[in-house]
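J.: Chains as they are written, first to last, in my numbering: chain U, 30 to 381; chain E, 593 to 688; chain G, 10 to 482.
Simulated from the structure, these hints should not be mistaken for lab results. We put the CB at the ideal spot given by N, CA and C, even for glycine. Some clues are possibly wrong.
[Stated by the list, open to error] Label pairs and their in silico Cβ distance ranges:
hint, chain 1, residue 1, chain 2, residue 2, range
1, G, Phe194, U, Gln280, 49 to 55 angstroms
2, U, Gly264, G, Arg65, 46 to 52 angstroms
3, G, Leu215, U, Gly264, 48 to 54 angstroms
4, G, Pro475, U, Gln173, 41 to 47 angstroms
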Amino acid sequence: MGCASALQMAEGGMKPIVLDQGDIGQGASGVNAGTLSLQIKRVKLMPYAIRGHQEWESMGDDVGFKKTGGYTLAFTDHEAELLHERMSLKAEAGAPIEFVSNSVLREAEPNLADRVVAASYCAEDGYANSSLTGQFYRARLKQQGVQYRENFKLLSVEACNDGYVIRSANTAVKAKKLLFSAGAWLKSLSALMGVELPVRARINTVSITERLPMLTRSVIGHATGLLTLKQKANGTLLIGGGWQGHGTPEQGRGQIDTDSLRSNLALARHVLPAIKDARILRSWTGFEANVPDFYPLAGKLPGYEDVFVLGCVRGGYTIGPYIGKLMGDYILERTTELPLFDPGRDFPEAVT
Amino acid sequence: MFQLAPNHEDDIVRTAKVNFTFDGKSLLAHEGESLAAALMRAKQLHISDAPADGAPRGLFCCMGLCQECVVQVDGKTIESCRLQVSQGLHVSSLRR
Amino acid sequence: MITDIDIAIIGAGPAGCNAALIAAEYNLSVVMLDEQASPGGQVWREKSRAILNAPRTPESVAGGLIRNAISQSNVSHLGGVRVWHIERSEDAFVIHYENAGVSCFLNCRSLVIATGAREYVQPIPGWTLPGVLGMAAATSIFKQDLIPIGSKMVVSGTGPLVFFVAAEQQRLGGKISAVVTSNTFLDWMKALPAMLFRPRLLFRGLRWIIALYVNRIPVYWGHTVTRVEGKSSVSRVEFKKIRKDWTPQGEPKFIDCDCVSMGSGLIPAFEPFQLVGISLEHNSDLGGWVPKQELDGRTNVDGCFICGDGAGIRGSLAAETHGKLAGLSAVAFLGAKISHPIEKLRREHAKATSFGEAMSKLSIPRPGLTKLTTAQTVVCRCEGVTRAEIEEEISLGAQSTISVKSGVRAGMGLCGGKFCQTAITDLIAKAKSCPVNEIVPPTARPPLRPVSVNTLAGDFNYSDLPISKPAPL
Numbered sequence: 030m031g032c033a034s035a036l037q038m039a040e041g042g043m044k045p046i047v048l049d050q051g052d053i054g055q056g057a058s059g060v061n062a063g064t065l066s067l068q069i070k071r072v073k074l075m076p077y078a079i080r081g082h083q084e085w086e087s088m089g090d091d092v093g094f095k096k097t098g099g100y101t102l103a104f105t106d107h108e109a110e111l112l113h114e115r116m117s118l119k120a121e122a123g124a125p126i127e128f129v130s131n132s133v134l135r136e137a138e139p140n141l142a143d144r145v146v147a148a149s150y151c152a153e154d155g156y157a158n159s160s161l162t163g164q165f166y167r168a169r170l171k172q173q174g175v176q177y178r179e180n181f182k183l184l185s186v187e188a189c190n191d192g193y194v195i196r197s198a199n200t201a202v203k204a205k206k207l208l209f210s211a212g213a214w215l216k217s218l219s220a221l222m223g224v225e226l227p228v229r230a231r232i233n234t235v236s237i238t239e240r241l242p243m244l245t246r247s248v249i250g251h252a253t254g255l256l257t258l259k260q261k262a263n264g265t266l267l268i269g270g271g272w273q274g275h276g277t278p279e280q281g282r283g284q285i286d287t288d289s290l291r292s293n294l295a296l297a298r299h300v301l302p303a304i305k306d307a308r309i310l311r312s313w314t315g316f317e318a319n320v321p322d323f324y325p326l327a328g329k330l331p332g333y334e335d336v337f338v339l340g341c342v343r344g345g346y347t348i349g350p351y352i353g354k355l356m357g358d359y360i361l362e363r364t365t366e367l368p369l370f371d372p373g374r375d376f377p378e379a380v381t
Numbered sequence: 593m594f595q596l597a598p599n600h601e602d603d604i605v606r607t608a609k610v611n612f613t614f615d616g617k618s619l620l621a622h623e624g625e626s627l628a629a630a631l632m633r634a635k636q637l638h639i640s641d642a643p644a645d646g647a648p649r650g651l652f653c654c655m656g657l658c659q660e661c662v663v664q665v666d667g668k669t670i671e672s673c674r675l676q677v678s679q680g681l682h683v684s685s686l687r688r
Numbered sequence: 010m011i012t013d014i015d016i017a018i019i020g021a022g023p024a025g026c027n028a029a030l031i032a033a034e035y036n037l038s039v040v041m042l043d044e045q046a047s048p049g050g051q052v053w054r055e056k057s058r059a060i061l062n063a064p065r066t067p068e069s070v071a072g073g074l075i076r077n078a079i080s081q082s083n084v085s086h087l088g089g090v091r092v093w094h095i096e097r098s099e100d101a102f103v104i105h106y107e108n109a110g111v112s113c114f115l116n117c118r119s120l121v122i123a124t125g126a127r128e129y130v131q132p133i134p135g136w137t138l139p140g141v142l143g144m145a146a147a148t149s150i151f152k153q154d155l156i157p158i159g160s161k162m163v164v165s166g167t168g169p170l171v172f173f174v175a176a177e178q179q180r181l182g183g184k185i186s187a188v189v190t191s192n193t194f195l196d197w198m199k200a201l202p203a204m205l206f207r208p209r210l211l212f213r214g215l216r217w218i219i220a221l222y223v224n225r226i227p228v229y230w231g232h233t234v235t236r237v238e239g240k241s242s243v244s245r246v247e248f249k250k251i252r253k254d255w256t257p258q259g260e261p262k263f264i265d266c267d268c269v270s271m272g273s274g275l276i277p278a279f280e281p282f283q284l285v286g287i288s289l290e291h292n293s294d295l296g297g298w299v300p301k302q303e304l305d306g307r308t309n310v311d312g313c314f315i316c317g318d319g320a321g322i323r324g325s326l327a328a329e330t331h332g333k334l335a336g337l338s339a340v341a342f343l344g345a346k347i348s349h350p351i352e353k354l355r356r357e358h359a360k361a362t363s364f365g366e367a368m369s370k371l372s373i374p375r376p377g378l379t380k381l382t383t384a385q386t387v388v389c390r391c392e393g394v395t396r397a398e399i400e401e402e403i404s405l406g407a408q409s410t411i412s413v414k415s416g417v418r419a420g421m422g423l424c425g426g427k428f429c430q431t432a433i434t435d436l437i438a439k440a441k442s443c444p445v446n447e448i449v450p451p452t453a454r455p456p457l458r459p460v461s462v463n464t465l466a467g468d469f470n471y472s473d474l475p476i477s478k479p480a481p482l
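For reference, chain U alone in the conformation it holds in the complex (with noise of 0.2 angstroms):
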């Protein structure tokens, strides 16, 4: 997101610098499984969502990008309700979304486990090579004359007289404005700013395998979300689904739960059975933060008017190229081709 919204603002005519405490996209993009699917996306962020699927559909293969199509399944009763109810607003906010009949399902996916309750389809769903994140916006930035910097342990914020000073152990940045985009990062970067946001850091688990002979073509989903699959061309198999592990930003990188590690494998197994000999070669976590409502941070600090923040979005990979150039609007004072989204306002009572 720090890098749409920096390039947007060199696009018209600022001169940004981005500062990342480790490696480009190492944080959260360069870590998830990758799932482009507008399936999982909420209702009201589809319009985003749609257009952040471009985004994505523009880098192309620089990003390894595929538009495979996407299938949700529900294997109960239960699960087969809340797909249709929640697949039809979905469908209703934009995405090209329809249920597909058993035999329709078979046809595309023979590998998947009979016990299909229902499905749905959205022929825009597919993915990215979310470790490509990294090289594609260094070579960007670089492409665009942006200055970075990676490996910026930023240690402190003061302001000075036209704008602000931000040091690390031996360099210091200087700048009018700031944009803190540092995802689950954000509560401790603000809190460094005298401001308190309500964000907390989800830990998923994200596992691949070794490769394997093409099984599926196209990114599963569950109707509860504990699952995504999908196939790389490469072979190899990406599994997700949110599950829990250890840890928080502060500390680094997370954990994985074995227990939770254990639950996600046996879903993924249980939906396509081919892979249960599959050896797995790795298993990580990245952070996914959010705010209470679960919707996203996008506009100035609380209580700054050149401090901005974008984070958050609830969907991040999927909506962060186009808000972070909508972000780069803002800060730009155009009028952005969507509302944002006021970091200010009130937030429910945290219910974990």
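Following the hints, position chains E and G against chain U.
T.: Only chains E and G this time, still in chain U's reference frame:
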């Protein structure tokens, strides 16, 4: 008698030989020896193909790490340096 | 599920076994886990059950003694299991391991990690051909299966392993086409004072070398194999003389062979340390990335102790004493009173260490080593990524092992980067003109070994799926 570089080849007593197959080819091995050794003995150096570019691969680390000697038995992938040969073992290679 | 073990030891080599045996003398529950069916690790690897009788070797004798001691002791040996994850909870560690296709775990109050080392092989053109294997790799087959490797072997590398491999290959009925070693006579002379401490080993080594000359097997000191050639397996090698800094020079020479055993020393297997939270630091004298450690195997993680080659390449003799010291550290951590003479053990360990370090010195990489890896040489074997591709990614802005991995998949394959990260780290350091100790290995991620979905998922009842609150609409 002091031998500077003794050859102990003939002093080694091994178990009886058993049959196993490697991609359908019938081979002999001493019961219980590692599949890696059995394939080496049969001069079958090319065990797998590299996952990315399909290049021929064989035994490299002999301690279960490099994954280049992997084969399939009963649908399960296992390193041949960690598998013992028994009578009637059917091994499928992952060569293309 | 096994709970409440006092001391769990991962690794049943000389270090792990000694840690286990000494700890077991203190009326504590000790479990020792290892990938192999029998204790012994790499250096004392047990013969397979196919071997009914064979002439003894110093290694088989030492291995037999330790296996006997373990079986007579109160140590619970869990053999043939693969540890795939280690977790730390408040006052315990949880070790997750695969046992015959089932994932199990045990809780322990203290942990000794003795997982040893693996080989470092400098990537050279043709090093991925069938028929090319490591030197420690060759010795594993020799010790376990007692067969020669190929029919005409070239051995190329550093340190004493070169001569050990050559000797064993012949002893088991095979042929050696040539011995090629980067080390010079002078390198070995420098190691001589330390070797006088172990006269039996010195004598054994001299026998190996003299036998090569007597049998008219060419020995090329101060040379290294620069290229392996062959279509679907090895047919010959190219080798060259090298300068003092190991840069190849002069005209290429060739030897026909059908297998090549090559290696440039050992490196600690540091992934378990990363998982449990032990910091790493770089030390070329000890094999590159080594865990930060204090006296007697203590680390920055309370209750977790390290020993053996995993803690730094110091050899098997030092591993034995290190194991004892680490075992006693675990015992002391649990509150028992130590009755063993620690000071004496420390002195023994120091002596053993100086011998081990003299041997490791022969393998410390010199600047010319990386020149053997040409632009087109595959560096990441699993993903087929060449030096040129890695360097290009670095030139495009990838500044860390993580970003190189993400960009070109180097280190993302089946072996998890075990055989390429050292070379990749060197390439990044070179490109950035910074010391190699500033380039950290990528984040460790479980599993430590590939584990099947069935093993990890176990039995599963669909109805057990938590019916959580649906995501916000």
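J.: Each hint needs a verdict: does it hold in this structure or not?
T.: Status of each hint after checking the structure:
Separation of phenylalanine 194 of chain G from glutamine 280 of chain U is about 53 angstroms and conforms to the stated range, judged on CB atoms against 49 to 55 angstroms. Distance hint check: the CB atoms of glycine 264 of chain U and arginine 65 of chain G are about 48 angstroms apart, consistent with the given range 46 to 52 angstroms. Checked against the hint of 48 to 54 angstroms, the pair leucine 215 of chain G and glycine 264 of chain U passes, with Cβ atoms roughly 52 angstroms apart. Taken as a hint, the range 41 to 47 angstroms holds for the pair proline 475 of chain G and glutamine 173 of chain U, whose Cβ atoms sit roughly 46 angstroms apart.
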